[in-house]
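Chemist: Listed in order, the protein sequences are those of chains A, B and C.
When we follow the working numbering, the leftmost residue of the first sequence carries the number 1, and every step to the right adds one.
When we follow the working numbering, the leftmost residue of the second sequence carries the number 276, and every step to the right adds one.
When we follow the working numbering, the leftmost residue of the third sequence carries the number 593, and every step to the right adds one.
Hints listed in this document are in silico derivations from the structure and should not be mistaken for laboratory results.
Warning: the hint list may mix true and false statements.
Chain B is faced by these chain C residues, among others (derived, beta-carbon under 10 Å) [as the list claims (entries may be wrong)]:
id, residue
1, 694
2, 695
3, 698
4, 831
5, 969
6, 976
7, 980
8, 986
9, 990
Beta carbons are placed, not taken as given, at the ideal position from N, Cα and C, and that holds for glycine.
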Amino acid sequence: MRERTTSRTAWVVLHIAVILGALAMFFPFLWTFITSITPGAGFSITPRLWPENPSFAAYETLFTERPFARVVMNSLMLAAITTIVQLFTSATAAYAFSRLPFRGRGVVFAVYLATMMIPLQVLVVPLFAQLKTFGLLNTYLGALLPTFASAFGIFLLRQAVNQVPRELDEAATLDGAGHFRTFFSIILPNIKPALATLTIFAFMGSWNSFLWPLIVLRSPELQTLPIALAGLQGQYTTAWDVVMAGSVISVLPMLALYIFAQKYIIQGVASSGIK
Amino acid sequence: MSVSTLQTSLVDRAPVTRLTAPVRPPARRGWRYGLTVAAFLLPSAVPLALFVLVPMVSAAWISLNDWNLITPMQFVGLDNFAELIADPRTAAVFGNTLYYIVGYLPLVYVGGLFLALALNRALKGRAFWRGIYFLPVVTSWIAVAIVWRWLLNPNNGVVNTVLGWVGIEGPGWWTEPAWSMPSIILASAWKDLGFVMVILLAGLQAINPDLYDAAKVDGAGAWTRFRHVTLPMLSPSTFFVVVISLINGFQVFDQVYAMTGGGPAGSSQVVVQQIYDLTFRYGAAGEASALSWMLFAVILAVTVVQIIGQKRWVHYA
Amino acid sequence: MKRSLIAAVGLAGVTALVLGGCATEPAEPEGPVTITYSNFISAGGNEDNLTAIVDAFEAENPNITVEVTTLPYGDYFTALQTDLAAGSIADVVDTDFGFFQTLADSGALAPLEVANPEAYRESLIEAYSRDGVSYGLPSSFSAVVLYYNADLFDQAGLDYPTSDWTWADEQAAAEAITALGDDIWGSHQPVSFFEYYKVLAQNGESFLNDDRTAVAFNTPGGIEAAEWLVNKSGTVMPTIEQGQGTPDFDTNLFVEGKLGMLHTGIWVFGAVADVPFSWDIAVEPGNTQQASGVFSNAVGVSATSENIEAATLFAEFLTSSQTMVDVRLDSGWELPPISDESQLGVYLTKDNPANRQAVFDSLDGIAIQPIVATGQQEMQDIMNEELIEAQAGRKTVAEALASAEERINAVIGG
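Can you build the whole structure from these sequences, using the hints too?
Modeler: Below you can see the structure in the form of structure tokens.
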């Protein structure tokens, strides 16, 4: 009886904490949205919770005066390709690093991790010069190639593969399965939460990436959403309501993907969740 | 299967611990095995080698030159490194970066863990709440930075207003050198909580529920189960979060650029902001490359220490 | 084997960088040519206006096609420098006055044979020349003026600002207006490098010495100028804590009718146009002399372009053609850099603000941006930082200037 009340109290406290936290999480985004429907400059000295003359004109500006539909399509396409390729290259490498011992594997993995340790800011110039020699400037392929493998994704999936019980592989091996079949029929189905997580992050990485697409994609018809959003800022003045409208728009596909992908993250545990 | 048998030593299963050649090389497995390894590794090795390692080599070469990106490079040997070591700003930007990491990492990990545990429960509208907590992760820094500057406005910002209600006079936040880095840490932790939450949620899902049942049968209470099942079983995810957060933390840039631009008085200038300034604003690409190689050495050292140290606390299934 | 492949490709990358700067042989234009133009001037709302000018040029020159790429001002120079490093620079490029010096110094720009140099305002075309040779053509300019809220002036019983005003007049008016109410402020002027070299000129001082190897502002007159800038904060202008630093803070304060005077560029005409009070502009007050801030952009032709002739033709059209004048005046897209003021009649007769003549009167005394051979950006950053230290009260003005002097001299003295 007593334990019931404490768990009841805990339940209430938990819900209140989650709701309060969610408000703190949501508030800045709400404010971004409010600014986007506040006509004119938008940044009032005394911020209001609701604008005097709310207007969706900024959204109209985005889609009528700018090639926004086009840049959204570009961003979606690049992000989708990046995500699919990264899922493939990360999963195969993760399998190798977890299940295929070879001489110097630790060093190779360390080299993989090392590729995350140099800031992009110093790599763009050499990378740009290199892609120029390949004739890939101002092409989708030039924007995509450097995103095809990600040490982040490989590391993420390797941790997941390491957690798949080896008894499962051994059983498959006894059944006569080779590495390729073990990979596809044992490992991949067992790391779905990690694959879904990587889907989110790979997509997000591409969706939000700025510096490299800025440098490599110059033609207006090739440009991506973050570049177009930055382009709303002029040398002297900026239409902040339009910038904020663009920010709101850019959040939506990511949020949709997250809500879709998280079903797979919690898949299979709905019945036996941690109590 | 008891908890303890699962927590076996993982020396032979954690390949990254072997940064040097293993004592006993694996038995030769023939060319077919070699082909299999190649087939699994090449899809990632080729792009990483071509588009990261090669530019890294180029950057190493640039670090030995004086270069403003426009006129031809001039070879200067190790002068750039010598200049950086003599320059007090180098220590300052590394110090500020370290300050960021020390403040950010515990905040974001503990917060993210709490969130993951809370949102892993049978909560009403769980999917909805998860979506809300993930929202900051996907919002661009340009919008977030402006909103946070306003929230942390010393005069009429929401944070200081709320502090005022409980009788605390809020600080000057990003307008004061002593508070600019805490402002950035706060905004960054807020933004990345959802990221850590997602990783840890995936980790929680991978825990075998039988372990909890077994622990219950052994009479373990909630805290004991958390301490002896959840935390050890979550350690691969924790390890991942810590390694990644440190690698990314040392390269913190976007939020600094958008929130304070490194100010006031250089109090929030971090290493990568300095690298960006040197490359694209101060015409010193050689020095920037040298600085990034120094940063590389620091991150590598920190990561290697973690990889070696993981034996003590990371448990794979 | 893999290692040697990486080394070989790495070598190719480095070689590309080393060879990047080398010139390619210019070819004579025969038949149709395509030139590329990389710009920031149209980013943020003037994309269609630029297209109109380019279309008119292509109609007049059917043999030449112009491929336009537009980048935001804030990121443009990052991309431009990457292009310069890799040798993939466009034929025609935008630049602002500060970066023009870097480009011209490093030989990235071709000397231009300008067909009709008289078309340009003299001070502007000279600003982009070296020893009488043009390396860039001014594409537009904007001036900084004094905006004032006439209603607040009436309320305080003050006369409106005129071109004869001095700092003392502005100070007196600012104090009177600040006294009108708790949330009313007298005058707002940004605390920055760009304002400081201007107020130095207004006080008969100079930012740099004559041979531009050291700063010259740490003088009684220089301190007085810095105090004029810094001491507004907290007296007639809100402090940093009181809200500065949010985007467009000063413009919004003015638009909300809470600011008597505002020092800013003519680019906010549009944002201020519809306010419910009467307002106008005047030439910025000086102290010992009048000096105004003028900002200009320019286009240059890449020294490595294969079509310098066609590129120059386009550059000239873009910066001095009648189409350009019409498009810019019609849309209020800064001001055309032309010498013929009669063409600017349309601009002067527009309303809101009424006293547009003040824009041209400002040009009688221009405070020219101090330029150094190396360390330009770093010099500006240091100056901004030290002025803000003084504004925030963490340093006295004298301390901040002494520190700025020492740090800047170390950077530019080379």
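Chemist: Tell me if the interface restraint on residue 986 of chain C is satisfied: Cβ within less than 10 Å of some Cβ in chain B.
Modeler: Result: holds, 7 Å to nearest chain B Cβ.
Chemist: Was the hint right that residue 969 of chain C lines chain B, CB cutoff 10 Å?
Modeler: Interface hint status for residue 969 of chain C: holds (4 Å vs cutoff 10 Å).
Chemist: May I ask you to test the interface hint for residue 976 of chain C with respect to chain B, counting a Cβ-Cβ separation under 10 Å as satisfied?
Modeler: holds, 8 Å
Chemist: Does the closest beta carbon of chain B sit nearer than 10 Å to the beta carbon of residue 695 of chain C?
Modeler: Given a least distance of 7 Å, the restraint on residue 695 of chain C holds.
Chemist: Does the interface hint hold: is residue 980 of chain C within less than 10 Å of chain B, judged Cβ to Cβ?
Modeler: holds, 6 Å
Chemist: If you take the shortest Cβ to Cβ gap from residue 990 of chain C to chain B, is it below 10 Å?
Modeler: violated, 17 Å
Chemist: Does the interface hint hold: is residue 698 of chain C within less than 10 Å of chain B, judged Cβ to Cβ?
Modeler: holds, 4 Å
Chemist: Was the hint right that residue 831 of chain C lines chain B, CB cutoff 10 Å?
Modeler: holds, 8 Å
Chemist: Holds or violated: the hint that residue 694 of chain C contacts chain B, with Cβ atoms closer than 10 Å.
Modeler: holds, 7 Å
When held up to the earlier numbered hints, the structure conflicts with hint 9 and nothing else.
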